[in-house]
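Dock chain B against the given chain A, drawing on the hints supplied.
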Amino acid sequence: MAALKPLLDAECGTTNPLIKLSQFYTRDNTLVTQDGLIKPATNNFTSANLTGGSNATIDELVNEYHRPIAAPNTFHLEGLLTGLRLADDALDNTNKHEYEWTTQFLDSFTNDFSSHATNVPKINNNFPSSVIHPPPNQHMQVPPQIMNDFHLQQQQQSQQHSQWMPWNEQTYIPPSASFPLNSNPIFLDQQPSTIDAGFDNDTVKAAQNILSLLQETQFAADTEFKSFVEHVAGGNGEKSTVDAKKQEATRDAKDATVDKWINEFSNELSNENQWQPDWTADPVSLSSLDDPIPRSQSWLRHLMDNGDNYSEYKFAQTNPFLDHSNPFEEGLKRLQAHDIVNAVLLFEAAVQKQADHVDAWLYLGITQSENEQDGPAICALKKCVELDPKNLQAYLTLASCYANELLTNEALDSLRKWLENNDKYSHLLSNRRPQAAVEEPRLLDELAFEELQELFLQAVSLSNSPSDIDSDLQVCLGVLFHLPGDYDKAAECFNTAVLAKPNDALLWNKLGAALANGGQSEKAVDAYYHALTLSPGFVRARYNLGISCFNLSAYKQAVEHFLTALKQQSDGIGPQGTHVQMSENIWRTLAIAIGHLQRPDLEQSVANKDLSKLLHEFQIE
Amino acid sequence: MPQEDLQAQVAFAEINKRAQAQPTLVKKVGAVIVFDITKGGNVQQSWTIDGKQGTIYEGKPKEGATAQVTITVDDDDFIQLATGQANAPALFAKGKLKVKGNVMLAQKLSTLFKEQSKL
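Heads up: the sequence lines are chains A and B, in that order. Using the UniProt record's numbering, the first residue of the first sequence is number 1, and each one after it goes up by one. Using the UniProt record's numbering, the first residue of the second sequence is number 1, and each one after it goes up by one.
No lab work stands behind these hints, which were simulated from the structure alone. Hints should not be assumed to be uniformly reliable.
Here are the simulated DSSO-like pairs of lysine-lysine, each with C-alpha atoms no more than 30 Å apart in a straight line [said to hold, decoys possible]:
(1) B/Lys28 to A/Lys556
(2) B/Lys17 to A/Lys609
(3) A/Lys556 to B/Lys39
(4) B/Lys39 to B/Lys52
(5) A/Lys567 to B/Lys60
(6) B/Lys39 to B/Lys62
(7) A/Lys333 to A/Lys390
(8) A/Lys314 to A/Lys333
(9) B/Lys98 to B/Lys52
(10) B/Lys27 to B/Lys39
(11) A/Lys382 to B/Lys62
(12) B/Lys27 to A/Lys609
(13) B/Lys28 to A/Lys609
(14) A/Lys567 to B/Lys28
(15) A/Lys314 to B/Lys28
(16) A/Lys382 to B/Lys28
(17) A/Lys609 to B/Lys60
(18) B/Lys27 to A/Lys382
(19) B/Lys28 to B/Lys62
(20) B/Lys60 to B/Lys94
(21) A/Lys424 to A/Lys314
(22) A/Lys556 to B/Lys114
(23) B/Lys62 to B/Lys17
(24) B/Lys17 to A/Lys613
(25) B/Lys28 to B/Lys96
(26) A/Lys613 to A/Lys314
(27) B/Lys114 to A/Lys567
(28) B/Lys27 to A/Lys314
(29) B/Lys17 to B/Lys98
(30) A/Lys613 to B/Lys114
(31) A/Lys314 to B/Lys98
(32) A/Lys556 to A/Lys390
Source: prediction; values computed, not measured.
Chain A with its partners taken away, still in its complex shape (with noise of 0.2 Å):
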């Protein structure tokens, strides 16, 4: 395969793919490389980011300060200076370009010492300090194991740039406020001896010189990037009236710093835009996405609402598995069979004989989940993770579940809960500052979000070798990645997982759906149908595999594949000609392909859901 070539030449010289792996997770804003050249605008997007228009250059040069990128090892002023030269001329002059670059020209020195975890970066020069270079872009060309080069961003803080994050940022703060989450109050009041202590006479010299910079230029005057260089430039002088607001919160504990960090802001803002109020008075809410109640409590109304609708398990009307005598036993066999159908039938039988059987919980979820039927799956494995609490498997099933079915918070908990109970990685949680303990609200999505990715990066380092992969760990990254709409990211982790386990049918519809998010319908296609080999009942896998054809306007092959994985279901039949529910994803799904087929004689058929109609129409056996 492609991915391992690298691994076969042997070049010097060349960029470990894990380098690619590593871009991001860390991430430079700066043209600058290790010689203090400035790079070459490489193409490391893929499609889904490109822009192809006769902007590319400027759009280029915009994205570069998305891109994560590792930092070169000392700190090249003039790289530097001429990036912001660069990009003052690149960008348009409004307000808002040089206000995004500023946010994440700003975010790279913030987050390179932001104090998120206790083992404080050992900064050696205040500035990013070592340097990877990006390989070619070579698209899914993913790095079998995790680089050892990865250990050097240990000293940085591992870096949340999606391409979410900066689009976060920049909307809700206007210029003249403090940036809520890894902006600079914690890294300017925070760590005060660190960073004061470190300020030598050229790196002063250089702030210096920006600011000249910047007074000539016409960048917005009053952002925090300013203040910041200005800061600096006086080597260590007194802080902005912004930040020295910000000081007072930033002293105390960390779960009332963030409490406090809240309130200001909420109140900063509501001073600000009308509508505003209505969200910074209730934040929870918009995380918790319910109705206007306490912002402490409504966390927990949140998930004690989801709780409702997956509480309890509805079984199959008539069962025929009922009476087996061994129905657990006989359900895996089932699943080893790809029978999928009766294998959720059977262990729907195992636990209604015995309720408290852990494994058959497990796996009615995890069959469920593959027969397209997530909500079901949610509550078997609810019920698995309430008798066995540390079932890692349970955790990462429901993490999917949750992601699928868009509930953000249930799946962040999930993949928490998952670190929590891995003894390979649970000590990461404990090095950590006691941050809002499991007891407390997370108050915002994006907090959870941050800190999860951390954790998770952390953990990926922890690997001895290159060969050693946690596939689970990296599944766990690629749901993390999936929920902010990082498609791509969360691709390249189930590749990764993919190449530890490549007979593992989930992983590779895992795999296919991220691609196929992403945009990426053709790769999508290929992942579904390695799944599809090897496990060729796997109802979800073709259900994603129709969806795709769908995206490349392939319908009648949609419609085709939706009636296969309907007929799949309604196969589930036991002895006496009993079904299984049939997903209503799939009916919804096929009812909007059939009328892009411009079929309307069809439409009726799907309204009544006639299958045997529509499978001897589309002469389906």
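This is chain B only, laid out in the frame that chain A set:
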């Protein structure tokens, strides 16, 4: 306001159709999201996706609903978004899409525009 020219009109009709086929779809978005569709630089028309009520309609949010996310985008780019040819973060990076509010919520819109593949 002349809106016959807006392709967004057609797009929203499609979205509405999809939403009707799956009643829980809009509620899954969860938030109130407003689209300000521009043409020639000026906002021509707005559409509200009320994820709390589960409705989609033309115009600004009705009383009782406040927008949690406001997205300003040109008509042509909106069509790209709605047909799944472009995704929001990409458009945003190009500066073609402006967002006010919680971006993570906006991400959920993708389910309205195209079928989600399942992990």
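Evaluated hints:
1. B/Lys28 to A/Lys556: holds, 29 Å
2. B/Lys17 to A/Lys609: Roughly 19 Å separates the two Cα atoms, so the pair holds.
3. A/Lys556 to B/Lys39: Judged against 30 Å, a Cα distance of about 36 Å means the pair is violated.
4. B/Lys39 to B/Lys52: This hinted pair holds, its Cα atoms lying about 28 Å apart.
5. A/Lys567 to B/Lys60: violated, 44 Å
6. B/Lys39 to B/Lys62: It holds: about 23 Å lies between the C-alpha atoms, which stays within 30 Å.
7. A/Lys333 to A/Lys390: At roughly 25 Å apart (the allowed maximum being 30 Å), A/Lys390 and A/Lys333 satisfy the hint.
8. A/Lys314 to A/Lys333: This hinted pair holds, its Cα atoms lying about 23 Å apart.
9. B/Lys98 to B/Lys52: Satisfied, since the Cα-Cα distance of roughly 23 Å is no more than 30 Å.
10. B/Lys27 to B/Lys39: holds, 29 Å
11. A/Lys382 to B/Lys62: violated, 38 Å
12. B/Lys27 to A/Lys609: holds, 25 Å
13. B/Lys28 to A/Lys609: holds, 25 Å
14. A/Lys567 to B/Lys28: holds, 28 Å
15. A/Lys314 to B/Lys28: With a Cα-Cα distance of about 22 Å, the restraint between A/Lys314 and B/Lys28 holds, given a limit of 30 Å.
16. A/Lys382 to B/Lys28: holds, 21 Å
17. A/Lys609 to B/Lys60: violated, 38 Å
18. B/Lys27 to A/Lys382: holds, 23 Å
19. B/Lys28 to B/Lys62: Since the Cα atoms of B/Lys28 and B/Lys62 sit roughly 20 Å apart, the hinted pair holds (cutoff 30 Å).
20. B/Lys60 to B/Lys94: This hinted pair holds, its Cα atoms lying about 26 Å apart.
21. A/Lys424 to A/Lys314: violated, 35 Å
22. A/Lys556 to B/Lys114: holds, 18 Å
23. B/Lys62 to B/Lys17: Holds. B/Lys62 to B/Lys17 sits at ~21 Å (cutoff 30 Å).
24. B/Lys17 to A/Lys613: holds, 25 Å
25. B/Lys28 to B/Lys96: holds, 26 Å
26. A/Lys613 to A/Lys314: This hinted pair holds, its Cα atoms lying about 29 Å apart.
27. B/Lys114 to A/Lys567: holds, 24 Å
28. B/Lys27 to A/Lys314: Given pair B/Lys27, A/Lys314 holds - Cα atoms ~23 Å apart, limit 30 Å.
29. B/Lys17 to B/Lys98: holds, 26 Å
30. A/Lys613 to B/Lys114: holds, 27 Å
31. A/Lys314 to B/Lys98: violated, 44 Å
32. A/Lys556 to A/Lys390: Violated, because 45 Å separates the two Cα atoms, which is more than 30 Å.
The structure fails to meet hints 3, 5, 11, 17, 21, 31, 32 from the earlier list, while all remaining hints are met.
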